[in-house]
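Chains as they are written, first to last, in the numbering used here: chain P, 4 to 363; chain C, 1338 to 1608.
If you are wondering where the hints come from, they were derived from the structure by calculation, not from laboratory data.
Backbone N, C-alpha and C define an ideal beta-carbon position, used for all residues, glycine too.
Only true hints are included.
Derived pair list, reagent style DSSO-like, types lysine-lysine, alpha-carbon separation capped at 30 Å: (1) 228/P x 246/P; (2) 1428/C x 216/P; (3) 171/P x 228/P; (4) 171/P x 127/P; (5) 1422/C x 22/P; (6) 228/P x 270/P; (7) 107/P x 1422/C; (8) 1428/C x 22/P; (9) 1428/C x 79/P; (10) 1422/C x 99/P; (11) 263/P x 297/P; (12) 1422/C x 79/P; (13) 295/P x 246/P.
Anything over 12 Å on all C-beta distances counts as not near chain P; from chain C, calculated: (14) 1363; (15) 1375; (16) 1384; (17) 1388; (18) 1419; (19) 1435; (20) 1436; (21) 1445; (22) 1454; (23) 1459; (24) 1461; (25) 1480; (26) 1540; (27) 1556; (28) 1576; (29) 1588.
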Amino acid sequence: MNNSFIQINQISKHFGNVKAVDNVSFEIQEGEFFSLLGPSGCGKTTLLRLLAGFEYPTSGNLLLDGSDITALPPDKRPTNMVFQNYAIFPHINVEKNIQFGLRKLGLTNEEIRERVNDVLSLVKLEGYEERFSSQLSGGQRQRVALARALVRQPKVLLLDEPLGALDKKLRDEMQLELRTLQKNIGITFVFVTHDQQEAISMSDRVAVMSEGKIQQLSTPNELYKNPHNIFVSDFIGETNFLKAETKSKDGEHINVSIEKLGEFKIKNSLNISENSSDVICSIRPETMMIDKEKSDWDICLEGKIKQTSYLGEITKFYIETKEIEKIITVSSQYFDNQSFKNNDCFISINLDDISLLNKK
Amino acid sequence: MEQKNNTLLFYTLLYFVFLYLPVLFLPLFSFNDSNFMSFPLSGFTTEHYEEMWKSTNLHKALWASVKVGVVASVVSTTIALFAAKAFARYKFRGENISYGAIMMPFLIPEIILAVSILVIWLSLGFKLGLVPVTLGHILFCTPFAMLILIARIEGFDFSLEEASRDLGENAWGTFYRVSLPLYLPGIIASLLLSFIISFDEFILAFFLTGSDATLPMYMWGQMRFIQKLPHVLALGAVIIVFTTLIVLLAFWLRNLGQGKDKADFGIKIHE
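Extracted from the complex, chain C is given alone in its bound form:
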């Protein structure tokens, strides 16, 4: 028994080392006083962070990523909310096919998705830029948003919605006063995760951005210059911390109020 526990512990540790050790090198070298990623470390500095922040191109790229991320997460969460509600609530003809169709971008290699959008977009005579990137990200984020929202809405007590109708609210009033507040933790979790997926996305952006770089595109550009490498490390470290926080927040929210009839919802809106 004891033996078995140790084996599992060893396995678990190995697994985490494999997963996270490479990632931890980024913050480590980002504070190293050298242009090269090699041991031994030569000294501690925050200079890379300061220089990183001075770049106006970085600011532009960051702003572009935020814009794309916000629009993509809001739109994909909205689409996914309606779809998830339909799947969780109703039985209808073509249910499995529609579900598969929405989940498809999950399985199609991203590069194929990117090339298809590129070809269609250009053949329609439009210019490359943040708009096609955003559209691509909406397509790509929707399945993720769906998975989160279906998990939230499944097991939802739909007699609450009937009770609201019974008490004189029409469909919209019911959505606003009952469904929305109860789905809210799931909706916010979906917004956060969709935003992060869009924010970190590279391949679609690579094909579709044209001249307006998103943040991953900016990093890719910087990598070509060896002296800029430490900036990229610093930026990478910041993004890792930021992403981790958002993902943790999203998971915390997703599980919030999941227990039946929890009163401590944490989130109170209107009234």
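Only chain P is shown next, with the shape it has when bound in the complex:
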């Protein structure tokens, strides 16, 4: 028997000819911080709206805590949503906004007051009860939206890019705060974002979506270290793609010819077939080493620095080599743009850091 908290079973949502969500199935555990990540138009918001009940699926069904909620209207679902633009009611003050959803829960005035006070202190908005939406900053509005949803003690909190409108500093703060809050109250969060850094830093698990389908569902670490396909590899973090061709298998490894570098034995964790040219290799910029001298790493190439960009904690080097067609990006903490004579350098690669992917 399956005891997953939220079950999404073969859900599709079509708008005319557009398949916004295309036969998606997965499960979310109770108390999990779960993110739906993808570029705009990938179907992540539609999926969230399906969970909230603002859209009904074309096919498939949704189970929450064992009961089928596919056909329930939003007001009958034990879910609450934090909207992208917060949707604070402009005609009533903060306190009334937060009380809004308590009317039908059959609470006494005493209980209502208690719940409102609790949630106000939870989101650190004490003293703002009388304010109106127009008198609040973006961060405060976000807190009101959060409080308004949490005060109903939902089984699942749905968040639709809630940090998108905040400036960078505040966004980083709120990320940390949301994460702490979620761990403290233990409510399941389903979080939609297009910001891969945000998803990776906050979530227990992330579903990367593109074109209405889940491309990969795993922990942030797994997503970054072992992307399942070229889309995920490209979307999460930064990477270099190298042309490759597989040769013969060798147990858990496979022989791969990479650009003009030669043939190497690489771990074949995705079980990619032999003698295929429909594959590609990916190397993260920070896994390579840049130096003035040769190293004894698995691969060491001579190169010329075409461009550098200084980013504070790291410097990015864009390097041209004889063996690799495209310019390679390498990032380093130890060097800056003044370190190299005549822009001559060596880049070193460990075979363990090369991941082999199918092109499709």
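Put chain C on the given structure of chain P with help from the hints.
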């Protein structure tokens, strides 16, 4: 640059003189101590106003106009509210045709509208009176109400309604607690303007009233007697002031809270 500004100023003044000078003669002569509308003015008097107010027929006509105006404005605003919401919120098949159909009475000459209603009403075997006038006014006011309400509802943040559903309110609760208070300035503006349009309307009333005169019909009747002319002037002056105030109020309300997320809504209902 200076030259150009002066030309525009002159044009603007001329425009306002053209628009409002004739209208201003009404209040002017209504205080003149004479039965004729001619210069020089002979003396100041409020006697016309007193005599006007004594007429019981005026009271009857005023009451008839108020009844028709209230019903017509409430019904047309209600119809227009639902329609405006549908047009602003949803994309649907036949959207343009339905919009055109509702706006049509705006463009059809009123006299044709009046004759059509008259013919249909009589052929159904009904009697003329305030009921067909009210129906005609509903038809005629609805496009105006729609224009006002669409302007209000367009640009409305519909995620507020979704938020309300999400927070446990059903469709009616959402309408009552969220949509209605936020549309309210537009609704009141629409009620006021529809009322004024109905209150001032002549042609439909002329064809359809039968024996129960509305206020414009009463004035039309009085015009036939030269000695009653000053009463009509006094009444006209009162109506002009009243109409102007209502229209100003309606426009003020229409713009109220139009700015995004304004808290100073001015109007607070329930809770």
